[in-house]
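Could you put the whole structure together from the sequences, leaning on the hints where they help?
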Amino acid sequence: MDDNWVLQVKDVSKAYGDNPVLNKVNLSLKRGEIHALVGENGAGKSTLMNILFGMPVIHETGGFTGEVWLKGRKSEIKSPKDAMDAGIGMVHQEFMLLPGFSVAENVKLNREPTKPNWFSKVAGPKFETINLHKMGYDTRQALDRIEIGVDEWLPLMGMPVGHRQFIEIAREIDKTDLSLIVLDEPTAVLTETESSRLLSALNKLAGSGIGVLFISHRLDEVFEIADTITVLRDGEVICTVPKHEARVENIAEMMVGRKISNSKATQPGRTTGNGNILEIRNLSVDMPGEYVNGVDLNVRKGEILGIGGLAGHGKLGIANGLMGLCHSAGTVMCDSQEIPLNDSRAALDAGLVFLSEDRRGVGLLLDESIEDNIALASVVSRNKFVKKVGPLPISVEDGKSIREHAREMISLLDIKCTGPQQSVRRLSGGNQQKVCVAKAITMEPEVLLVSEPTRGIDVGAKERVLSVIKRLNAEKGITVVMTSSELAELRSMCDRIAIMYNGKIHGILSPDAPDAEFGFCMAGGGGVPGD
Amino acid sequence: MKEGVQVKEGLRVKEPLRVKEQLHVKELLRRNAVPALFLCMCVLGVLISGQNIRYIAQELISRLARNWFLVLSLIIPVTAGLGLNFAIVLGAMAGQVGLIVATHCKLPGLVGLITAVVLSIPIAILLGISAGHVLNKARGREMITSMMLGFFANGLYLLVFLFMVGTVFPIDNPEIVLDTGVGLRGTIELKYCKYALDNLLRIKVLGINIPVGSFAVVIALCFGMRWLYKTKLGQELRAVGQDMGVASVAGINVDRTRVIAMVLSTVLAAIGQVIFLQNMGTINTFNSHQQIGTVAIASLLVGGASVTSATVGQGLIGTLLFQLLFIVSPAAGQRLMGNAQIGEFFRVFIGYGIIAVALLIHSWGRKSSLESASRQAMMKEEAKTTGSM
Ligand SMILES: Nc1ncnc2c1ncn2[C@@H]1O[C@H](COP(=O)(O)OP(=O)(O)OP(=O)(O)O)[C@@H](O)[C@H]1O
Ligand SMILES: [Mg+2]
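Those protein sequence lines, which keep their order, are chains Z and D. Residues in the first sequence are numbered from 1201 upward in steps of one, following this note's numbering. Residues in the second sequence are numbered from 29 upward in steps of one, following this note's numbering.
Calculated directly from the structure, the hints in this document are not laboratory data. For each residue, glycine too, the CB sits at the ideal point set by N, CA and C. Heads up, a few of these hints could be off.
Computed footprint of chain D on chain Z, listed as stretches where at least three residues anywhere in the stretch have a Cβ under 8 angstroms from a Cβ of chain D [stated by the list, open to error]:
1) 1270-1284
2) 1321-1330
3) 1383-1389
Okay, structure coming up:
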């Protein structure tokens, strides 16, 4: 009987220093079951996953109490290696991939297929030569199983987050003798169609008897796929229910501990200025996996322009290209002045600010404090928060106003933290994302480019983040170009939505256009002429 | 399925070729700015010095034969993320110990050389293991720690060879021990195995003596390194070098891998020092090992390597340029300023200067990441170069 359980978590508690994060958590998972774990940002979900996978961060901070049983036996997981040996696979919330390695090298990291040679027979298996052919072949198989067409020998550097997500999943799928797979927000950066592709892959995995434990802030997909749902709030299990007994509203309420109004942000009749603030002509961007190939686009002053489309079609490339993060060609005029491309400094000086979809790689300095992360970019490039030192011709950072501003942002965006001086590494994923948002809006740019602004942010906080952006647009007249894989989000925010297909703008739709039209457009059909 | 196909198409649009071509020239120049600069200096130096080309060539050939191996011993720790390994001094000491013993036993020629290598390897392994463990305790401060390790080991070395020889170790051999009977001589002549490797096969091309034996060993090492990076261990070294966190989450034993990198480097440095000294013909007992650290590191940097990325090619080219500068700068100084000493100063200045600059750029690069954009660009550079091993 007992060995039907793949995983049993018994009374697990964990504190980071004085800060209790998990409190006597119990959770069990059967063979072939898909178990969803939901909860607010900072509820402790990733911490629980990290415990299961023996992540160093847990053991460096004093370990945990309680027991973890695998397949009916008590197990001691002290390191990721132990976890892997025990048949646990994990897709981390923050990608665990090496930028300088190719896709195949990442998928097969430390599981490389090797061939013995005469030297390895003497000196040991570490000296076996890597079988590149098999490595590529296996990787191709794994990528094909989740139907992603990315070239397995492309370097990971510069790959869009959507692809990285699939590559992480491919790595886990490629593992044989897996008995439990843990996925921490695997769908946060995926469009609906891609998530459903992923979800069906998960269903197949579960069908083969593997237990699936996954975390998501998208309740609709939780309800689509999960057999059982566990709600975590402030480190405690509020309830565990089979899906057929659960209702979306109840779950959402249990997550935040209060009723949440599902008011849809409606568009007040706004008038956007008539001039164009950005005129993009024939823009090509060399972003691996998100090539942009000759885009013409006008962004009107004061509008919120959405950019949507499936992954791999270039929606993320535009902002990265404009900001000089990826090599690009073409002409871009900002307020009728040409911005030199491939020059981040020039883009910043022209008043463009970018909230990147890649918060760990680009957005944040993990070991700096929240306040520094929020303010320093503004100090450097916008000359904000500086004060003169007496009569001297030098100015220094104004620590007090930085602190004050950070406090404001913390309460505005509801960042869960111990204070403005906490280092960003110690925040939960969703709260790190909020710091990124705070940093971008602090810059008060002419044009704000935001990519996946609500990545990993829970249902309650999402509205808040979006309305902050919207208010910035309405009150300060900041033009916003928002790239998102969530169509619903784009439709609730934008004045116009450009859909990318095959590296080009395939059509520009109004947010009230019917669903079918969006779907059609993303798949490359029809298309409405822009502007 | 249909969608998979579409994504593929999306990927296949690698159209912005125009972009790539434009970049190529610029990129190439930027990435090779340092060696290009030194190439210019060398050409100028050669012209100004007015030295005989054949003399320069002969001098260069023998310097390359003795230095290349040592410089290449630095590459593994760089790719494993340990930075510039100032602790190759330890390896060099091990090599010297081997040679001193071989000389003491009057082992002739190749036999002496091989004995020296065989003796020095276990010492180097031990030193490498201890250095690796120390560096694991000093993560993020590897380079300064390895430098301190060099000083510390030098102290021990002095203790052993100045005071313990003749007292603790009853060695009484006037060829290597001071007349007082305690302590080694400041210079020891390698009577028995001088040029043992170089003379293995010498050929003369256009009147220039080429020690084929030494070059053969270097070539073997190049192939060996290439091969190493095709093995499981090589992959682990590179993974650890890129991101220790990701590597350990993938189940790689990061600490062990770093120790292995140090051991390999130290052993190679030991062999390298033996090759170096058989060509020199004498050991400066208390100095030889100390110089090689800075010279080798400067050579590697001149080739365009950085604290986070280095390739065999950079090591080879860097040594060539740096040694060439060494050869011509005294004469160039003499011609230009009427003082050979100036050229001498100049080359010492270059040696230390380039190391200082590399370290500065490294720490500055870490700190200057305030603006996300520049940070991304920087990371990209790093990854590009580390990936190209
Ligand atoms: N390394 C750490 N050191 C100290 N505190 C930490 C650390 N990591 C997380 N925390 C704290 O633990 C709490 C739970 O974080 P966790 O990452 O588990 O949240 P989460 O449920 O995954 O949230 P999200 O949905 O935002 O990813 C947070 O309050 C966070 O500040
Ligand atoms: Mg999390």
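Here's how the hints hold up against the structure:
Note: the segment 1270-1284 of chain Z has 4 residues with beta-carbon separation from chain D under 8 angstroms; the three-residue rule is met and the coverage holds. For the segment 1321-1330 of chain Z, the stated coverage by chain D is satisfied: 6 residues place a CB nearer than 8 angstroms to a CB of that chain, which reaches the threshold of 3. Coverage of a stretch by a chain is defined here by at least three residues with a beta carbon nearer than 8 angstroms to that chain's beta carbons; for the segment 1383-1389 of chain Z and chain D the count is 0, and the condition is violated.
The structure does not agree with numbered hint 3 stated previously, though it agrees with all others.
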